[in-house]
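Q: I would like the entire structure built from these sequences, with the hints used as guidance.
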Amino acid sequence: MLIRNAPDIRFSEITPKSLYLRRREFLQTAAGAAIGAAAAAVASPFAASVAAQQKGQGTGHGSKLANVKKSPLSTTGEKLTTFDDITSYNNFYEFGPYKEDPKENAWKLKPRPWTITVEGYAAKKGTFGFDEFVQPYALEERVYRMRCVEAWSMVIPWVGIPLKDIIATYQPTSQAKYVEFVTAFNPAQMPGQSTRMLPWPYVEGLRMDEAMNPLAILAVGLYDETLPNQDGAPIRLVVPWKYGFKGVKSINKIRFVDYQPKNTWQVMTPNEYGFFANVNPNVDHPRWSQASERRIGEFLRRKTLPFNGYADQVASLYAGMDPKKLY
Amino acid sequence: MKPIVLLKRVIFAAALIPAAALIADAFHGNLTANPIEYITHTTGDWAIRFLVITLAVTPIRRLTGWNPVIRLRRMLGLFSFFYATLHFLTWFVLDWFFDFRQMAKDVAMRPFITLGMATYLMLLALAVTSTQGSMRRLGHRWTQLHRLIYVAAGTALFHFWLARKTVVPQFQVVLVAAVVLLGFRAWWTLRTRTRAHARESVAH
Chain R
1 MLIRNAPDIR FSEITPKSLY LRRREFLQTA AGAAIGAAAA AVASPFAASV
51 AAQQKGQGTG HGSKLANVKK SPLSTTGEKL TTFDDITSYN NFYEFGPYKE
101 DPKENAWKLK PRPWTITVEG YAAKKGTFGF DEFVQPYALE ERVYRMRCVE
151 AWSMVIPWVG IPLKDIIATY QPTSQAKYVE FVTAFNPAQM PGQSTRMLPW
201 PYVEGLRMDE AMNPLAILAV GLYDETLPNQ DGAPIRLVVP WKYGFKGVKS
251 INKIRFVDYQ PKNTWQVMTP NEYGFFANVN PNVDHPRWSQ ASERRIGEFL
301 RRKTLPFNGY ADQVASLYAG MDPKKLY
Chain W
1001 MKPIVLLKRV IFAAALIPAA ALIADAFHGN LTANPIEYIT HTTGDWAIRF
1051 LVITLAVTPI RRLTGWNPVI RLRRMLGLFS FFYATLHFLT WFVLDWFFDF
1101 RQMAKDVAMR PFITLGMATY LMLLALAVTS TQGSMRRLGH RWTQLHRLIY
1151 VAAGTALFHF WLARKTVVPQ FQVVLVAAVV LLGFRAWWTL RTRTRAHARE
1201 SVAH
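From first to last, the protein sequence lines stand for chains R and W.
1 is the number of the first residue of the first sequence in the working numbering; add one for each residue after it.
1001 is the number of the first residue of the second sequence in the working numbering; add one for each residue after it.
Simulated from the structure, these hints should not be mistaken for laboratory data.
Predicted model only: the values in this text are computed from it and were never measured.
Treat the hints with care, as some may be off.
[As the list claims (entries may be wrong)] In silico lysine-lysine, DSS-like type, Cα no more than 27 Å apart, as pairs:
| # | chain 1 | residue 1 | chain 2 | residue 2 |
| --- | --- | --- | --- | --- |
| 1 | R | Lys-79 | R | Lys-108 |
| 2 | R | Lys-324 | W | Lys-1165 |
| 3 | W | Lys-1165 | R | Lys-303 |
| 4 | R | Lys-325 | W | Lys-1165 |
| 5 | R | Lys-177 | R | Lys-125 |
| 6 | R | Lys-324 | R | Lys-303 |
| 7 | R | Lys-324 | R | Lys-108 |
| 8 | R | Lys-108 | W | Lys-1105 |
| 9 | R | Lys-69 | R | Lys-79 |
| 10 | R | Lys-108 | R | Lys-124 |
| 11 | W | Lys-1105 | R | Lys-303 |
| 12 | W | Lys-1105 | R | Lys-325 |
| 13 | R | Lys-262 | W | Lys-1165 |
| 14 | R | Lys-253 | R | Lys-110 |
| 15 | R | Lys-303 | R | Lys-125 |
| 16 | R | Lys-164 | R | Lys-64 |
| 17 | W | Lys-1002 | R | Lys-99 |
| 18 | R | Lys-262 | R | Lys-99 |
| 19 | R | Lys-99 | R | Lys-253 |
| 20 | W | Lys-1002 | R | Lys-324 |
| 21 | R | Lys-253 | W | Lys-1165 |
A: Encoded structure:
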């Protein structure tokens, strides 16, 4: 006879009180959204996408971004990955561990109102509303290759702002050696954050000279539209010579610091992920080869390029450093 | 029709659903942006699920005392082998497209591929010797050989764990199921031995 005790509930499984208390807010929002969607369905020809959002089928198309200028720094001569693929195949653990989870769950995120806090060693600091934060800059289209550490890649027409221009605004002091970026922490909107899959919130960082490189941008859109939630709305980092996990999404904190930030994947698995994470076909991930990659939409693998093909623009940043340590 | 025969047919049909769903998804273009990865994960998930389900047959028989259930075991094991074969072929054909040099490197250098390959070879040995004829020919050695399934379950789980960047819920489910099922066997074996030992002691 097999008699088992009921398994103890792990502490991590207990809903935090703050979350539990917000369940009404959730119900109200859900009800409101349903009514809103119904009203919109009657009123608006764009209702289909609104209704689709409420059913959890992703966030569809965003609004059109005006006055986006083309950048000479864009990668040319490569076929763009489709909007559908870019928005349905995402690593965004805040919305779940599987590639299709972000599209399914990202509608829960409210990308407005949004604030970005700038702190640390800088002359100008504070908390800024999203529009106030991005308003001073012209938007640029940057077509970049995106190479994931899992050995797949895309070509994405980002819309963003050069990170160096943003940094200049806040005037970091000489003590600022690194920039640290933090994803918003809001388990009610990002359900993955109520699990212990990763230590939350997600943190990434760049050395100051990397952050000042002209290729680094903070993206606010893709395909001339505002960034879909599953791709890191409203604002995310894009550093095309590094593996995709460096591209921290849904940023709400930027810190100028004098230490090398402990980026999330390095904290999680230090023997597999480092700080620099530069794309390097000659340094394999301990569990798989980085020599080749599968471009989304193609069948055969293609060779991975050093610095993801951006060596001319960025290799000098790492002169004198051991490339084996740059993973 | 005996209940077990009916059950066997139902399970046979049900076990083909994941493969059918994959084919339907392929026709509807629902294999995600990275179809090869999706096929690899789906077939791998089902191979390991059927392996764990196979391990459940004996405990179910012991707990319920319904002996005919044992007639499902070989079929379930072969379904694990079936999905493992699709999983292996996906890697062999779709992922590397007959690039033997890279595949050899993959097997030799990456522990999780090595483990996957070892698991597959074990399942192959079990599948080949799963016939009535083999059982007769091998006699008691057949039982010994087929204990390999415990090793295969271990290497398969290790392979699954190493293949992902984090512990995914899917992994937790099969791990817990396997631990419970193997734990049951260990406990059962231990208890049987202790009793046998106790009987011997009394006899002396």
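Q: Evaluate each hint against the coordinates.
A: Evaluated hints:
1. Lys-79(R) with Lys-108(R): violated, 32 Å
2. Lys-324(R) with Lys-1165(W): With Cα atoms ~21 Å apart, Lys-324(R) and Lys-1165(W) stay inside 27 Å; holds.
3. Lys-1165(W) with Lys-303(R): holds, 22 Å
4. Lys-325(R) with Lys-1165(W): Holds, at roughly 20 Å.
5. Lys-177(R) with Lys-125(R): holds, 16 Å
6. Lys-324(R) with Lys-303(R): This hinted pair holds, its Cα atoms lying about 19 Å apart.
7. Lys-324(R) with Lys-108(R): violated, 40 Å
8. Lys-108(R) with Lys-1105(W): Since the Cα atoms of Lys-108(R) and Lys-1105(W) sit roughly 43 Å apart, the hinted pair is violated (cutoff 27 Å).
9. Lys-69(R) with Lys-79(R): It holds: about 20 Å lies between the C-alpha atoms, which stays within 27 Å.
10. Lys-108(R) with Lys-124(R): violated, 32 Å
11. Lys-1105(W) with Lys-303(R): holds, 16 Å
12. Lys-1105(W) with Lys-325(R): Holds, at about 23 Å.
13. Lys-262(R) with Lys-1165(W): Satisfied, since the Cα-Cα distance of roughly 18 Å is no more than 27 Å.
14. Lys-253(R) with Lys-110(R): holds, 16 Å
15. Lys-303(R) with Lys-125(R): Violated. Lys-303(R) to Lys-125(R) sits at ~43 Å, over the 27 Å cutoff.
16. Lys-164(R) with Lys-64(R): Given that 27 Å is the threshold and the Cα spacing comes to 25 Å, the pair holds.
17. Lys-1002(W) with Lys-99(R): Distance of about 44 Å is beyond 27 Å: violated.
18. Lys-262(R) with Lys-99(R): Status holds; Cα separation ~25 Å.
19. Lys-99(R) with Lys-253(R): Given pair Lys-99(R), Lys-253(R) holds - Cα atoms ~25 Å apart, limit 27 Å.
20. Lys-1002(W) with Lys-324(R): Violated: Lys-1002(W) and Lys-324(R) sit about 65 Å apart, past 27 Å.
21. Lys-253(R) with Lys-1165(W): holds, 25 Å
In the structure shown, a violation is registered for the earlier hints numbered 1, 7, 8, 10, 15, 17 and 20, in ascending order.
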